[in-house]
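Trainee: Those protein sequences? They're chains A and B, same order as listed.
If you read the first sequence in my numbering, its first letter stands for residue 1, the second for the next number, and so on.
If you read the second sequence in my numbering, its first letter stands for residue 1, the second for the next number, and so on.
Be a bit skeptical, because a hint or two may be false.
[Claimed, not checked] Cβ-to-Cβ under 10 Å is the rule here; a few derived chain B residues that face chain A:
id: 1; residue: Leu55
id: 2; residue: Leu86
id: 3; residue: Thr92
[As the list claims (entries may be wrong)] Some chain A residues judged to face chain B by a derived CB distance under 7 Å, without partners named:
id: 4; residue: Thr454
id: 5; residue: Arg457
id: 6; residue: Asp545
id: 7; residue: Phe547
id: 8; residue: Leu697
Derived from the structure by calculation, the hints contain no laboratory data.
Every residue gets a Cβ at the ideal spot worked out from N, C-alpha and C, and that includes glycine.
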Amino acid sequence: MKIDIHTHTRKCKSGDAPTREISPENFCETILSTEVRIIAITNHNVFDLAQYTEIEARLGKEAQVWPGIELDVTHDGSRAHLLVIISPTLAQDFAAAVTTFTKGATPDTFAATIEEVLAGFDAFGPLYVAHYKQKKPSLSDEALAKLLAGTKNPACVIKEVTNSISAGIYISHGHASIYGSDIHDWAKYDEVSRQLPDLRLPVDSFEHFCLLLQKDPTTINTTLDKKTPEDLVLIPFDDSSILKVRVYDDINVIFGPKGTGKSCILKAIAKHYSENGIDATVYAGANERLEDIFDTRGKDLKINLVDHSISYCSDEIDALRKASEVNVTSVLKYKSHFASNATNRNAKKILLKDLEPEEESGAKQEFGDFNGAVTKTKAYLEFLTENSAVKKELTPEEHQQVTGILQGLLDRLRKREWASFVVWQEIRLMNSAIKLFRAEVERKSATPAKPITTGFRDYALNRITIAAHAAEIVKCVDTVIPTKTEIVGSLGPNKGELEYRTEFQFQTGDIVDSSLYSLTNAKKTPQKKFITCVRKIQQHAYADDLFQYIAELNEIEDVEDIKTVNELLLFKRYFALSGAYYTPSTGEASMVMLQKELGSSKDVYILDEPEKSLGNEYISEVIVPLIRERARSGKKVFISTHDANIAVRTLPYSSIYRCHEPTGYKTYTGNPFSNNLVNTVDESDRLDWKKISMKTLEGGEDAFGERGKIYGNDKS
Amino acid sequence: MHLAKEEKSMETTKAKVIQVEEKYFLVIDAGDGEIRIPLSDDKPIEVKSAFNKLLTRIKAGVFKIELEGVGDDLFFQVAKEYVSQLNKEIPTIRTEMEKRGLAAK
Chain A
1 MKIDIHTHTR KCKSGDAPTR EISPENFCET ILSTEVRIIA ITNHNVFDLA QYTEIEARLG
61 KEAQVWPGIE LDVTHDGSRA HLLVIISPTL AQDFAAAVTT FTKGATPDTF AATIEEVLAG
121 FDAFGPLYVA HYKQKKPSLS DEALAKLLAG TKNPACVIKE VTNSISAGIY ISHGHASIYG
181 SDIHDWAKYD EVSRQLPDLR LPVDSFEHFC LLLQKDPTTI NTTLDKKTPE DLVLIPFDDS
241 SILKVRVYDD INVIFGPKGT GKSCILKAIA KHYSENGIDA TVYAGANERL EDIFDTRGKD
301 LKINLVDHSI SYCSDEIDAL RKASEVNVTS VLKYKSHFAS NATNRNAKKI LLKDLEPEEE
361 SGAKQEFGDF NGAVTKTKAY LEFLTENSAV KKELTPEEHQ QVTGILQGLL DRLRKREWAS
421 FVVWQEIRLM NSAIKLFRAE VERKSATPAK PITTGFRDYA LNRITIAAHA AEIVKCVDTV
481 IPTKTEIVGS LGPNKGELEY RTEFQFQTGD IVDSSLYSLT NAKKTPQKKF ITCVRKIQQH
541 AYADDLFQYI AELNEIEDVE DIKTVNELLL FKRYFALSGA YYTPSTGEAS MVMLQKELGS
601 SKDVYILDEP EKSLGNEYIS EVIVPLIRER ARSGKKVFIS THDANIAVRT LPYSSIYRCH
661 EPTGYKTYTG NPFSNNLVNT VDESDRLDWK KISMKTLEGG EDAFGERGKI YGNDKS
Chain B
1 MHLAKEEKSM ETTKAKVIQV EEKYFLVIDA GDGEIRIPLS DDKPIEVKSA FNKLLTRIKA
61 GVFKIELEGV GDDLFFQVAK EYVSQLNKEI PTIRTEMEKR GLAAK
């Protein structure tokens with residue numbers, strides 16, 4: 001959820017751009033297409049109640065719109081701008097007050113003093129947002145002091161700066177700061193809105209926002225508890241002392257000097273969740289090797305060939321290895337038959353023996369076709385009859401019509417199935433009888449029977465089967481498996497995305513790339529010999545020397561390791577930038593490992609000093625947003641850190657501070673919203689969250705302030 | 001008794017019985033050579049080799065063997081029967097090749 005405390009809907013001053021004008025309808029449509037859910041309308045010296053009321057009605061509960069005005073104020077002869085934003089419940093009275101306040105002046109000529117503003121609006125309990133420093137025309141520190149002195153609620157005076165960097169620096173210096181879009185062209189609002197501030201705490205209303213600004217403890221605790229709080233009871237240390245901490249399904253930071261047991265607390269947290277069946281391990285980036293995390297050696301690498309429409313060919317490989325030649329009918333049987341004189345009278349009478357057997361494969365095939373059609377049609381009819389979605393979609397009449405047609409088809413197919421079965425069995429019966437009679441006549445009359453077949457059919461079918469098996473294996477290994485590319489993470493704007501690539505390649509017989517590893521236990525030499533041999537079998541399927549290659553196949557050392565084409569797979573995994581090989585440095589390795597950790601799907605993330613080996617820019621631009629995103633998704637993130645970007649900029653729901661004093665170790669818990677850190681064993685012992693953060697993470701207030709002066713003034 | 005099959009016009013290849021010294025052979029014209037099947041001796045290796053050539057020929061297209069000449073001598077009768085049976089088997093083999101995607105189009 002984003003907030004925009006400074007917008008314009010009307011061109012009020014002559015110098016205002018016409019693109020500031022927007023209709024209530026377009027305003028609502030534009031706002032709702034962004035992440036902005038709280039918006040204040042602050043036109044120059046004007047409050048348009050009618051427009052505000054229409055916008056509020058149109059937005060409904062989708063977004064909050066707060067009434068306001070951007071006033072020209074003068075102080076000591078200089079002009080500045082001051083936003084006055086009030087509760088929506090007071091919009092009507094506010095409109096009347098503005099009318100009275102600006103009476104007799106145009107938006108171009110109107111100006112008021114701080115005293116007049118306080119007299120006119122302070123009774124509304126407003127939020128004052130003053131242009132400050134580089135946000136021109138800005139209010140001087142003296143004018144601000146007067147405003148702070150005169151208002152009944154100084155916590156609701158905020159300084160408006162130009163952007164998030166300035167806001168961060170001023171906030172760090174103790175100035176309550178914010179920035180709004182001050183939109184000049186609504187056509188660009190979508191882009192502009194992306195830079196607007198995120199609200200770390202959910203804000204229910206204008207009044208709620210003001211209470212949070214006042215750091216009202218009850219309001220803060222109630223707001224924090226909208227996330228799910230969990231009280232952990234941990235025993236992290238050797239002395240068995242108990243540590244009780246309240247954590248949230250958000251960001252929980254543990255900070256403090258080195259050697260104060262922060263890692264022990266993280267381990268205890270991991271243990272707590274693991275014992276409750278939740279995947280929780282401590283991530284300590286710099287201690288783990290990139291190669292191990294990404295399994296570049298493919299220890300656990302697998303592939304489902306079916307996903308790539310590749311058959312495993314286990315039957316084909318098994319059949320090839322067991323293949324043997326089929327014998328043919330001796331021509332001497334023909335010679336014997338025709339050479340002998342069938343003198344036996346009875347033998348001559350048995351004419352059945354002289355009938356020619358009929359080829360049965362065609363009839364068998366026809367029966368198979370109808371049988372298959374019957375099975376599938378029947379199954380589909382059953383599906384249509386039982387499936388609730390089909391019944392829901394079709395009217396009873398339509399359902400009856402569809403099933404009626406299918407039933408009719410099924411009946412006809414069954415008739416054809418039976419008829420073809422009868423034909424096939426008739427042929428089989430006849431062939432069997434012919435064979436039997438021939439054998440009997442041969443036995444009884446000593447007249448050699450005429451051979452039924454030359455043996456060519458069976459011989460040929462055996463060779464065809466071998467050829468088909470070899471062809472299938474070759475087809476599979478010749479299939480190209482696309483390279484799997486996953487984006488590991490960003491190496492920053494200059495280098496771009498680091499890719500992790502997994503290439504699978506079958507040993508096709510001519511691959512000699514030493515960077516490829518075998519995916520399975522099968523060794524590379526047998527793999528190569530195997531597929532080379534299968535190719536020869538395919539080429540020689542109808543040649544005299546076919547079985548020489550079958551024998552060669554079986555003689556390959558460790559051939560039994562190759563049971564499917566999966567055992568012919570080779571792979572390599574590597575990192576790449578824009579498709580080219582790339583070896584990440586130690587720092588880059590840390591970057592990608594952390595991104596991988598945060599990118600994995602977990603309920604609990606436990607990070608021990610994730611900033612190790614990482615640059616500040618990277619932490620700020622990549623890691624902090626990632627951590628925030630995890631928190632927004634309701635995940636628990638525990639971070640032990642020495643980095644201010646992480647400990648402060650993430651605005652943790654829970655901060656655990658560990659320190660060591662002469663009296664021993666101490667643990668404080670708190671959060672940046674209350675700005676308190678409270679000793680877990682002594683509630684009266686309290687520390688200032690901001691000061692401790694600066695001292696621990698930035699080397700103290702002076703050092704931080706010094707850096708603020710160096711960087712801040714240039715950038716703001 | 002069985003479903004009537006449509007007669008298709010089919011390529012024909014010639015065959016003949018030849019005698020070389022005391023031996024008889026069935027010689028089938030395979031276009032780019034001849035396929036020789038011994039009829040008077042039991043030589044399974046040579047028969048298989050001939051079958052392999054027939055297979056290669058079937059791969060190119062189905063055909064029918066037509067035995068040339070007439071005669072009543074023993075080896076002509078053997079050849080006639082042998083060719084008759086081969087002619088029955090060839091279409092089945094071609095069909096199987098087609099089914100397995102191994103036949104030339």
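Trainee: All hints, please: hold or fail.
Mentor: Status of each hint after checking the structure:
Among the interface hints, the one on Leu55/B holds; its C-beta lies about 4 Å from the nearest C-beta in chain A, closer than the 10 Å criterion. Interface restraint check for Leu86/B: the shortest CB-CB distance to chain A comes to about 6 Å, inside 10 Å, so the restraint holds. With a cut of 10 Å, the hint placing Thr92/B at the interface with chain A holds, because the nearest CB-to-CB distance is about 5 Å. Taking 7 Å as the C-beta cut-off, the interface hint given for Thr454/A holds, the closest approach to chain B being about 5 Å.
The beta carbon of Arg457/A comes within 4 Å of a beta carbon in chain B, closer than 7 Å, and the hint placing it at the interface holds. The closest approach between the C-beta of Asp545/A and any C-beta of chain B is roughly 10 Å, which is over the 7 Å cut-off, so the hint fails. A least Cβ separation of about 10 Å between Phe547/A and chain B goes past the 7 Å threshold, and the interface hint is therefore violated. For the restraint placing Leu697/A at the interface with chain B, the shortest Cβ-Cβ distance is roughly 70 Å, beyond the 7 Å limit, so the hint is violated.
Of the numbered hints given earlier, the model fails hints 6, 7, 8; all others are met.
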